[in-house]
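Build the full structure now, drawing on both the sequences and the hints.
Quick note: the sequence shown uses our numbering, first residue 70, plus one each step.
Hints may contain errors.
Stated by the list, open to error - Only pairs whose alpha carbons sit at most 20 Å apart, straight line, appear in this in silico SDA-like list of lysine to any residue:
(1) Lys96 to Gly229
(2) Lys399 to Val332
(3) Lys223 to Ala111
(4) Lys399 to Lys315
(5) Lys396 to Gln335
(6) Lys261 to Asp276
(7) Lys384 to Arg334
(8) Lys399 to Thr368
(9) Lys315 to Ser170
(10) Lys384 to Gly413
(11) Lys261 to Ala125
(12) Lys227 to Phe120
(13) Lys361 to Gly392
(14) Lys223 to Pro251
(15) Lys227 to Val94
(16) Lys361 to Thr375
(17) Lys293 to Pro260
(18) Lys361 to His339
(19) Lys96 to Gly121
I should point out that these hints are in silico values taken from the structure, not numbers from a laboratory.
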Amino acid sequence: MRKIIHFDLDAFFCAVEELRDPTLVGKAFAVGGRPEGRGVVASCSYAARQFGVRSAMPMGRALRLCPDLLVIVPRHHQYGEYSHQVMERLNNVSPLVEQVSIDEAFLDVSDMPQAGESIARELQATIRAELGLPCSLGVAANKLVAKIATDVGKAAQKKGVPPNAITVVPPGGEAAFLAPLPVRMLWGIGPKTADRLAEHRILTIGDLASCPEHTLVELFVRSKDEMVARARGIDDSPVVTSHVAKSISQEVTFARDVSDGDVLRQTLRHLSDGVGRQLRADRQYGCTVRLKLRWADFTTITRQVTLDSPTDSDKEIFQSAMGLFEKAWKPGRLVRLIGVGVTGLGAAVRQLSLWDKDHEKDRRLEATLDSLRARFGKNAVKRASQIKK
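And the structure:
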């Protein structure tokens, strides 16, 4: 019988900000972009949630709901450092850790002699004592139920404070635990699907588990067996300890729509440099460069080009992205978002032409820039075109 723990930090970004500034404890505040720059809420304190503020909400709307809301600009580097320390402690508990996001992970503790609940409580106490961070955990025989257990535990706790919940679903009790819960809590059920299910009076996970065959065929077609298994708490997906990246990309949403070609090209250059730097850090090469553009009316287009040989070069990425940009953009057209990505990743060594005499010079320059940025920060070195006159 497997023992799976789902681990989730409570309002992680806000918890880190409270460590930095204890006067924030108990106050309504949100971490995210400024409202005048189309910012959204990345994380909000539990006090702010009492006013209806939620993650991914436009910051302007959050301020209308809570006029006294404090807005804090994200410190992503600091959050990353804390996340790294948290994941180190999770890996000290079990070598089978699947990091889902910066603040969430699954642990497989099946081979450990202690009960899953005991391991969860010890882990929660360690994270609180050593890092000062609150967290909630779900314990079950599989990932699906463990994740839902965490969500249920969080929702059941006292409002206005971090939940610090631990919820355990005993083996064999999965279907009974899930049955009364809203069907939207199940993996694979989004808002639109939930609305369709409601039309058939399928409101709970238990309703779905006992749904007639002909209705399931109508609703899910090919995935009906999988959805019924989930509704009954059956899930054999493993804890995956590593994921292979399929692409590396960077993008920026402008505070105001931009039609200045020079600004757009400079942004493209900056994004290309960032993608190249990440490729080199991961020792990866990419075969396809992709451009993403979102116009002022929210229409989004992507364009891509496949290279003659894999690359991790800022210059080659930028030149390819620029070629795509010049074909897609008409002078004066407003751009809301611009992004650059590289796909078709692999570790294959680039095959150089005997006549590619400039390549080694470019690589030495990029290595120097990477070293300086790693030591002094990514903004330590800028191109002349990025310096405001």
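Hints, one by one, checked against the model:
Between Lys96 and Gly229 the alpha-carbon distance is near 10 Å, which keeps this suggested pair within the 20 Å criterion. Distance hint between Lys399 and Val332 is fulfilled; the C-alpha atoms sit about 14 Å from each other, no more than 20 Å. With a C-alpha separation of about 18 Å, the suggested pair Lys223 and Ala111 falls inside the 20 Å cut-off, and the hint holds. At most 20 Å may separate the alpha-carbon atoms for a hinted pair to count; Lys399 and Lys315 exceed this at roughly 31 Å.
Proposed proximity of Lys396 and Gln335 is supported: the alpha carbons are some 17 Å apart, at most 20 Å. Distance check on the hinted pair: Lys261 and Asp276 sit about 17 Å apart at the alpha-carbon level, within 20 Å; holds. Straight-line distance between C-alpha atoms of Lys384 and Arg334 comes to about 13 Å, which keeps the hinted pair within the 20 Å bound. Simply put, Lys399 and Thr368 have alpha-carbon atoms about 15 Å apart, close enough for the 20 Å limit, and the pair holds.
Between Lys315 and Ser170, the direct Cα distance comes to roughly 16 Å. Compliance with the 20 Å bound is thereby established for this hinted pair. Among the hinted pairs, Lys384 with Gly413 is consistent with the structure: their alpha-carbon atoms are about 18 Å apart, no more than 20 Å. Of the pairs offered as hints, the one joining Lys261 and Ala125 holds, with about 19 Å between alpha carbons and a cut-off of 20 Å not exceeded. Restraint check: the Cα-Cα separation between Lys227 and Phe120 comes to about 15 Å, which is no more than 20 Å; the hinted pair holds.
With a C-alpha separation of about 13 Å, the suggested pair Lys361 and Gly392 falls inside the 20 Å cut-off, and the hint holds. Our distance criterion of 20 Å between C-alpha atoms is met by Lys223 and Pro251, whose separation comes to about 15 Å. Taken as a hint, the Lys227 and Val94 pair is honoured in the structure, with Cα atoms around 16 Å apart against an allowance of 20 Å. A C-alpha spacing of about 15 Å is found between Lys361 and Thr375, which places the hinted pair at or below 20 Å, so the restraint holds.
Between Lys293 and Pro260 the alpha-carbon distance is near 18 Å, which keeps this suggested pair within the 20 Å criterion. Among the hinted pairs, Lys361 with His339 is consistent with the structure: their alpha-carbon atoms are about 14 Å apart, no more than 20 Å. Only pairs whose Cα atoms come within 20 Å are accepted, and Lys96 paired with Gly121 is accepted, the gap being roughly 14 Å.
Of the hints listed earlier, the one the structure fails to meet is number 4.
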